Amino acid sequence: MDSSVPLVLLLLMCSSIMVEAQLKVYNLRATGLPTVVVLTTDAFVKLSCGFTSLGKTSVRYNDANPWWEEQFSHFKAKENDTLTLKVYDYDLIFNDLLGVCKRQLKVGTYQHDCFLTKGGTLHYTYTLG
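Residue numbers (UniProt numbering): 1 to 129.
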């Protein structure tokens, strides 16, 4: 039997294993969020990776250009998992969804801009490694 066959089988087995890595999402900010009549948006962001909730930011009241200091981590993220960020306008009765950003994860550090359906842009950075 050819001695390279076991090596090929080992390589195939190793390449199919999904490696878990730490995901870090940070530097979240938004620009140009919508204003309704004279009320400025009270924005916050909910984050998830696949089916796992990563949490949510604090609410930034009356700020069309909020910046959030929170950082979010997920220790079992995998390359090609979907990172989802949902931007909301906080209200006492019903939070209005301003837009959803989805990104398929890749290893490395990336900065992204996401245009929200109700107006404005979400900016964020993530690292997967």
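These aren't lab readings, by the way, just hints derived from the structure by calculation. Since we're looking at a predicted model, the values are computed, not measured. Where a beta carbon is used, it is the ideal one built from N, C-alpha and C, also for glycine. Any given hint could be a false lead.
[To be verified] Straight-line distance between alpha carbons at most 30 Å, and here's what the computed DSSO-like set of lysine-lysine pairs gives:
no., residue 1, residue 2
1, LYS102, LYS86
2, LYS56, LYS46
3, LYS86, LYS106
4, LYS78, LYS46
5, LYS46, LYS118
6, LYS86, LYS118
7, LYS102, LYS46
8, LYS56, LYS24
9, LYS102, LYS118
10, LYS118, LYS56
11, LYS56, LYS102
12, LYS24, LYS78
13, LYS76, LYS86
14, LYS46, LYS24
15, LYS24, LYS118
16, LYS56, LYS86
[As the list claims (entries may be wrong)] With beta-carbon atoms standing in for the labels, derived distance ranges:
no., residue 1, residue 2, range
17, TYR26, GLU79, 32 to 42 Å
18, LYS24, ASN65, 20 to 30 Å
19, LYS106, VAL36, 28 to 38 Å
Violations among the numbered hints: 17
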